[in-house]
Each structure stands twice: as C-alpha cells, then as structure tokens.
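Peer 1: Fit chain B to the known structure of chain A by using the hints.
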Amino acid sequence: MSTLLNLSEDGPRPEDTVVLHLPPRRKDADRPDETLALRVPPPGELTKDAAGAARNPDETLALRVVEPGAAEPVPLPDDPLDELAERLADVCARAVHPFEIAAVLESDGLTDEQAAVRYGRTDSFAIAEELFARTERRHPAPPEPNDPWQADPLRTVLRGLLFALPGLAYLPTARFLQSAGAGSALALTALVGWGLNQALAHRAYAWRSVGARSAVGRSLLRGGLTATALGTAAAALAGADTAVLLFAAGQSLYLACATVLLITRRAKRLMGALAPTAAGAAATLAVDLPDWLRIAGPALSLALAAVFAGIEIWLRLRAGDEAPAGGVPLADSLPHGLFGLAVGALVITASFGDPWRPAVPGGASAAVALTLSMGLAEWLLFRFRSRSVTALHTSTTADQFRNRTDRTLLLLIAGYLTVLAALGTGACLLWTGKLPDPVQLGGLLLLGALLWTALLLQVFGAVWPPALICTAAALAESTAGALHPASATAARLIATGLAVGATICVARARTGRITAHR
Amino acid sequence: MNTRLHAVPAAGTEPEALGAVRPVDLAHLVGTRVTMLTEGTYPHSHGGVSVWCDQLVTGMPDTEFRVIAITGTAGQPLAWDLPAHVTDVRAVPLWGPAPPGQAPKGAAMRAFLTGYERFLLSLLDPAEEDAFGPELYVLADHARAGRLSPALRSEAALRVLAAVWNRPHLATSAAKPSLHDALTATELLEHALRPLAAHPKPGGVLHAVSGGLAALPGLVGNHLHGTPFLLTEHGIYLRERYLGYGTGYAWPVKALVLGFYRMLAVESYARAALVTPGNRYNRRWEERAGAPAERIRTVYNGVDPAAFPPAGPEPEVPTLSWAGRVDPIKDLETLIRAFAIVRAEIPGARLRLFGGTPAGGAAYRERCEALAVDLGIGDAVVFEGRVDDIRDAYAAGNVVMLSSISEGFPFTLIEAMSCGRATVSTDVGGVREAVGDTGLVVPPREPEAMAKAALELLRDSDRRAEMGRGARMRVIEQFTLRQTIDSFRDIYRELDRRDRFRTADDSGPFDWWTPAQREEAAAAEAAAGRSAVGAAG
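First to last, the sequence lines map onto chains A and B. If you're matching positions, the first sequence starts at 1 in my numbering and goes up one per residue. If you're matching positions, the second sequence starts at 519 in my numbering and goes up one per residue.
Looking at chain A on its own, in the form it has when it is part of the complex:
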C-alpha cells in the first residue's frame, strides 16, 4: 500500500498532526512485526518524475509496528475526537446519515479551519463520517404525543343523563297524553325528529369543518325550524288531539334546540335548561300537583333551551363570513338522516311494540336503558380510537394490527353490553318490579350491539353501510310483523341479529385498515 499525505505546502509545522488508520492486523500474520516507512519529500518533488524518490534516502523515517506485549506500551496521545464523540454521543447515535452530524457540528460553530487545527481532520464532513462510523445507532422513541382520544369517564355519565333527562317530561304530563293514538303520534314525531336532527348535526359539523361560521348558524336555524315543523306535522297527520299536538310541537322544538346546543358545545347550558323538568318530575312523584304546575317544568325547560340555542345561532349568523363555494351537498347528509330514522324505528319497535301488536309490559324501560347508556357508548368509541392508536405504535405488520383491533372490538362490545344489561335489568325492576324476560333483554342487547357498532362505523367515516343495514333491519321487522304478527318478536330478533353480524363484519374490515386510523 502506498499512501500520499498532503501536508502544508510550506512544509510541516509543529502543530501538524498526521493520523493513520491501519487495518486491523491479522492474528496469524506471517511476520511478528511490520514496518511502515514515512518519507517526507523534498520541496517540488511531487511535481517531478518519480525517479527523484530514490535520491533522498535520508528523508525517510521508519516506523515499526510491534506485537502487543513485545515491548513497553507507548501511550498514544488522546484523540481530541474522543471528547467530541462523547459530547455528541446522542446526536451521533440517533443520526441517519453522516450529514446529520455534520449539520449539527456546523450549527455548533465548527469551521473547516477548526476541524483541521483542533481535530486534525480535513473538514466537518470527515469528522462527521468518522463519528457516524464509530457510534452504534440507537433509535430512541420520539416524545410521546398526547393521546387525542382521551375522554373523561365522568363526562360520559353526564352525557348519558343529558340524553335521558328529557324523558322525565313524560312523568308530570302523562295524564294529558291518554287519548287514543297519542302513543303512535308521539312515536312518529320522535322518529321524524331523530332522522332530521341527525342530518342537521351532520350539516352543521360539515360547515364548521370548512370554517364557515355563518353557514353553521344558517343551517342550524333552517334545519331546526324545519325539523320542528315536520315533527309537529307528523303528529297532526297521525290524528293527535290538541294536547298531544302541543306536546309534539314542544318535543320537536326541544330536540332541535338540544342538537344546536350539543353541536355548539353548550352541554352545560343544556343541562341547566333541563333542571326545571327534573324538579317538576321529582315534585310529581312527591305530591299531587295542579295541572298548570305539571306543565310549568317542561315548558320552562323548553323556553330556556330555545333561548340558549337562539343565542348560539345569533352569534354565528352575526359573523357574516362567506361560505366557501361548493358547500355541503344535501346528498351527503342523506345517510345520516336515514340512519337516525332507522334507529328510531328499531328503538321504538323494541320498546313500545309496533302498531300490529300490544306493547311489551315495561318495554319503555329498554328505551331508558339505551338512552342512559349512550354516554358510555361515546366513551367507548373514544377508547376504541385510543387503543387503535396504541396498536399502531406497537404493531409492525398489518396482521398484528388487525388482530389487535379485532380483540379491542370484541372487548369493548362486551363491555358495553354488560353495562347495558345491568341498566336494562335495573330499569325494568324499577318500572315493573320484575326482572326482564330473557327475550326482551336479548332484544335490548342485540339492539345495543347494533347501535354501538353502527356508531363506530360512522366514526370511521363509513356512513352508508350502517344506514343501509339499519334501514333494512327496520323494514324487515315491520314487514314481518305486519304479514305475520304472531312471529313478530322472532322476526325482530332475527333481523337485529343479522344486522349486528353485518355491521361487525363491515367494522372489522374498516377498522383493520391501517389507513383508516390516520
């Protein structure tokens, strides 16, 4: 091997350092030691012919490499790079390329001159390459990001109450709603309200996501008024008397206002608005109230909710910003409306029976249990997302990830159904003083599983599948009940069961996709 060292052109200076890196010597080398020759060429020799080399034998310095242990060890001078390597240990270990170390060295103020004088290397790149080569890579995890899917469990209880409390309005007012057909009129109103408010919520969220504040206000105002009007009209068409019609109008308006307040993140105000209803219901249970006082609680709650919702709408309309062109097509909200309608139909059928057969005793307790469980359902949806993100962090292959999401899906559904079963049993005990019969409880759990999985699909952006599956189940139940009333219950259980199977299949396919979790 012959190596040419370019020292400074005006000859070596005392501070010049030459570092030679020799390949490791073979253990079984033929010779016990090797000799290196270092020759300092006279000025100008390099530009002449090679023959000049032989003329200056005295310029050659011989270095002998000796076997370790054969002689007194000579202490080597400390390489100043060692100190640098120690100081930059972290940077070097996490570097992906020598360039990364060079960039840090230069940002640290290292110039090529310093590289030469202090470290005896040509430039920052040479130092960086050496440091990169001699450091073992480490792969520290980046700082843990905050879990965006954290949810407060206490909040879930409150959310459940928020959904269930309005039901208390029936307690003091039930005596005015005894006319024939009152039940089906109110059920129809609720059905229309759920469908339209689902669609309305989608539209408002969609406008908000494009930053159009006024458009949010406009859609809430128009949508809320439409839902109220159509809900009331549905009751009128069903032949409601004045009292029932008034109640239906109030219920429709309340649903619209609650939608507005939930979308505008005013759950606390909504809770406050419900206080008079809760107080009225409690008083009804304690004493026999006069008629006007029975109506006062719900009426006051409705007025408060309407005022609060009005304020939120007004604040948004006042923003006066332009809605972006294109907007939110009505067709996009269609599956949301359809889903609300179908779920409404399924819940009403399961709780109150349908027009072709008498209501199950204590059936309304199922509706109460479902409503109360909605807060928990929301929380579990957050848990699912949070656990999927954890699974993304801990999986390296798609199969690992799919297994983990499958397990999470089953675990969370089981957890939800356990709590729902407890709520259903408790509500039925309170209502009728008896345990619910297994068929009734089974129906409730199937419906709960369907609802939760459908909501999960919506969270992952699959809107049409749950809408279509729930609609098909609702249609199948009603048709079967109409054609063959005797087997209505069996038909209901089979239809819901098939729908649960279908949604779980779609949910597995959807949530097992890595890209669904970005």
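Because the hints were derived from the structure by calculation, they are not lab data. Be a bit skeptical, because a hint or two may be false.
Okay, derived cross-link-like pairs now, EDC-like style, lysine to aspartate or glutamate, Cα gap no bigger than 20 Å in a straight line [claimed, not checked]:
id: 1; chain 1: B; residue 1: K694; chain 2: A; residue 2: D399
id: 2; chain 1: B; residue 1: K694; chain 2: A; residue 2: E378
id: 3; chain 1: B; residue 1: K623; chain 2: B; residue 2: D659
id: 4; chain 1: B; residue 1: K719; chain 2: B; residue 2: E673
id: 5; chain 1: B; residue 1: K623; chain 2: B; residue 2: E673
id: 6; chain 1: B; residue 1: K970; chain 2: A; residue 2: D399
id: 7; chain 1: B; residue 1: K719; chain 2: B; residue 2: D606
id: 8; chain 1: B; residue 1: K694; chain 2: A; residue 2: E144
id: 9; chain 1: B; residue 1: K694; chain 2: B; residue 2: E635
id: 10; chain 1: A; residue 1: K268; chain 2: A; residue 2: E378
Peer 2: This is chain B only, laid out in the frame that chain A set:
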C-alpha cells in the same frame, strides 16, 4: 385579491393560457423568460430570500418572469406588489386537503406499487440510489394526472413501505418501525411530493431560488422539455432539514424523509445546468452531494452603495453596535460576554443592540438582558428595538459587531461595510468572504477572542478608519446589487442560448468563469489549502 394568483389547476386540465390570465403588452420583454421557483418565500412572505427575489425581478424590467410558489396552504395573500413583467403566479399548496383524483386501478396500481417500492429503496439503500431519478419522474407523471396523492395514501402503498422498512439488510429494520411510523412517513412524503404536479411550460429558464421542494417543478420541467434548470442556494436546504428533523420523529421516519431530501439534493445538483450558492462556504455541501465543481458558481448578494452611504462621524462614547433579529442563532450571549470583557478595559464603553424581537422570542431577549445584569453591565447594554432606518444602527457604533453562529451571506454585514464601518464578526457561512481584510473575523462562541478583536479596533482609530474605507471599497468593487443582477442576467441569457443552440455533441461543461474570477478562485483555493491537512489513499 390579485387575479393572477391561482392554485394549480385540477389534475388533468391544462393551465390557463398566459394571455387569458392577464392581457399585457409583452412586446418590450426582450430578455429570457424566467420561471422562478420558490418555497415559503416570494411573493407570499417577507424575509431575506424574498428581498433577494424582489431585487432580481425589479432589477430586470425587460425580462418576463413567472413564479411557481410553493406555499403552506391555498389562498395565501401576496406580500409583494408584483410589477407587470411578472406575468403569472402559480401557488402550489403543500398542506390542506389532498388534491382531487383517483388512485390507479388493477395492473396500473400494481405497476405504481412496484415503482414506489424502488423509489423507497432508493431513499434507504445506498446500493439502490440510482433508481431515485427515474422513479421520481414516474411519480411526477402520476402527480400530473392527479393519481399520486390517492395512490400514496392507499392501504397497499402503506404496506409496501412497512415491508421495505423491515427488509433485514436495511438499517431501518433494526429500529423496529411501527405502523404509526409508516402512516407518519407516508403523510410527510405525500405532502412533500405535491409540487410534482406543477408542470412548467416549455422554454426559458427554470430558476429555483432554494434547494429542496422548490427544485421539484424545475426537475419536472427539465425532464419533460429539457428546459435549463438553474439552482440558487442562499442557505443549504439539506443541512437545515437535518437540523429540523433532529428529535421530533421516530428513527425510521427520519431516515426515510431525510433520505428523500438528500436524494432530492443529489438529483437537483446533478440536473442543474448551474448551481449558484450565495457564498463559497456553502459550496462544500453542494460538492459533497455531487454537484460538479465546474458547474458551481458563487454569486454574492449585493447592496446599493448609494442607499448605504458612508455613515459619517463616529459616536463620542466608545460604542459597539449590532443590528439584526433578536434570535438565539445570532448568539447575543457571546456578544454580551465579550462586551463585559471590553467594558472592564474601557469602562465608559456601550453596547447598543438594534432590531426587533420576533414573535415567541421574548424569552430569549429576557435571558440576554438577565445575563447583562448578572455580568454587572446592565446599564451599558441597551436593546434599542426596531429602528425605522437601519443605517442609524450602523452609524451608532465605532465598530459594528456580528456574533451569529450561522449565516449565509449576511445583508447586515455588507450594509455596515457599505456605510464604511469597521466590523468584528464570527467566522460562519460566507462572513469571511464578505469581510476579507476590511474587518476582524473571530471564531464563533468565543467571547474572549471577540473581545480581543473589539478592543484592538476600539483602541486604534486610524486602523478603524482605514478598515471602514476599505470595507466600503470592497462593497463597491464586489458586492453591489448591480453586479448581482448583471450576473444573473448573463446566466439567464447564456443558459437560454445554450438551450436553443444545443446540439448532440455540445454537452460538455460550459466555462462559467471570467478570467478575473478564475484568478480569484485559484487564490481562494490556495488559501484554503494552507490550513487544511489533506489525506488521500
């Protein structure tokens, strides 16, 4: 709202004809048509590179300019008034919703995935780097058809990445890349590749005013139409990426994304007809990443000596002045420590710091003020804040200081020199090239050395005066705005001419150096050689 500002058209549609955008009389535009390629600067924001672009554009009123500007999001307002000879501004937003389009299907998708796999390997495997260029241009074809973003965001593309990362021979496999890492890396890559959809028209010269993503449309135009591609670098984009991705990302993500930026730099340097760094110091990175030395030519920033005339008499009280943005990169702590040493020797001395504190920089400023108080010089160090006329800042000092730990070719320094002030500055970036022997240059982060230099000058008024005169002469001779503009005018003309008369055998490197420049370069190389210890074997 400027009517010329429009986003890149939806995939598959041809850009509007120029005349339809703005009917102006272009008959007087005799020069080369230049398409300026920018990222995060001109004409949507302010700052050093934007000033430079504006100087170039306004300095060549007879040249038609177009701009393809990579912006953060769509719909950013213009920050500059554009003269009439800027005939088109096209914004390419990196963020915001993905451009509309469909991923390829069936066999086309399989072909895409095979190419994508080769592309990813070229970023991670040193043996596969040759595939980067060819695969990049295939991705560009997909991008122009609107297929790239949806294809990259597909489940199949994600699995390709996860599989490539885990190949045992690649360093990334040891880092146990998670699927979350794959999502993050795909996201970063998808956004970074959006400028591939920009399709510059044939003809003229494509001029990227920074490395990195701004070069993407230039590479595409060069690949499709052979349009000459010119690359100017004030800083080193690649070096800044390495610093920016330091700790925030998992190792495999970093390896992939920085691999992309490194290979993009390599491709840009290889395809550029000419690379023009803003100082000679930056050439090191360019040459290291493969730019052939004969195709690199330093073009310095310039100032107008008439706008920065001699500053007049020096202040009565011995004063050091400093001008700039109050930012950690300016290392004011070293300056304050150095001043404390100066003040111990010259008790009446003052340090005046001119310049605003950027948003979020208040903490740094407070730290500096606290340091001055700790050193017992709180009264003598004054933060003057923003000044209306920056020339007052230079006039305020007997000596103008620059203490930065990183610079390109700082405007403040050549402005102070143009005002005829002696300077003490740190040896970073192109500072040494700017100052020459008309000021003192000290190592960065060394208060003692800086104090020694400042004292030397404060105690010798004759030397100060002589250096100040020399500094102004140096600016007039080497760093005027006119010279910068003329250099680029010549480069544009030459590239355009070469392109038009290019023949099959005329592909050798063009000699860019005037005899004077060649001499200067030889002298600089010799100077550099004296201090370096080279080894080859």
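Peer 1: K694/B and D399/A were given as a pair; does the straight-line alpha-carbon distance stay at or below 20 Å?
Peer 2: Holds, at about 15 Å.
Peer 1: Does D659/B sit within 20 Å of K623/B, going by the straight-line distance between their CA atoms?
Peer 2: Holds, at roughly 15 Å.
Peer 1: Is K719/B within 20 Å of E673/B, Cα to Cα?
Peer 2: 34 Å, violated
Peer 1: Between K719/B and D606/B, does the CA-CA distance stay at or below 20 Å?
Peer 2: Holds, because 11 Å separates the two Cα atoms, which is no more than 20 Å.
Peer 1: Assess, step by step, whether the Cα of K623/B is no farther than 20 Å from the Cα of E673/B, and give holds or violated.
Peer 2: 13 Å, holds
Peer 1: Decide if the proposed pair is consistent with the structure: K694/B and E378/A, CA atoms, cutoff 20 Å inclusive.
Peer 2: The given pair, whose Cα atoms are some 34 Å apart, is violated under the 20 Å limit.
Peer 1: Can the restraint linking K694/B and E144/A be considered satisfied, given a maximum Cα separation of 20 Å?
Peer 2: 16 Å, holds
Peer 1: Can you confirm whether the C-alpha distance between K268/A and E378/A stays at or below 20 Å?
Peer 2: 17 Å, holds
Peer 1: Check the hint pairing K694/B with E635/B against an upper bound of 20 Å on the C-alpha distance.
Peer 2: 19 Å, holds
Peer 1: Regarding the pair K970/B and D399/A, is the alpha-carbon distance no greater than 20 Å?
Peer 2: With a Cα-Cα distance of about 66 Å, the restraint between K970/B and D399/A is violated, given a limit of 20 Å.
Going down the numbered hints, you'll see the structure goes against 2, 4 and 6, while the others check out.
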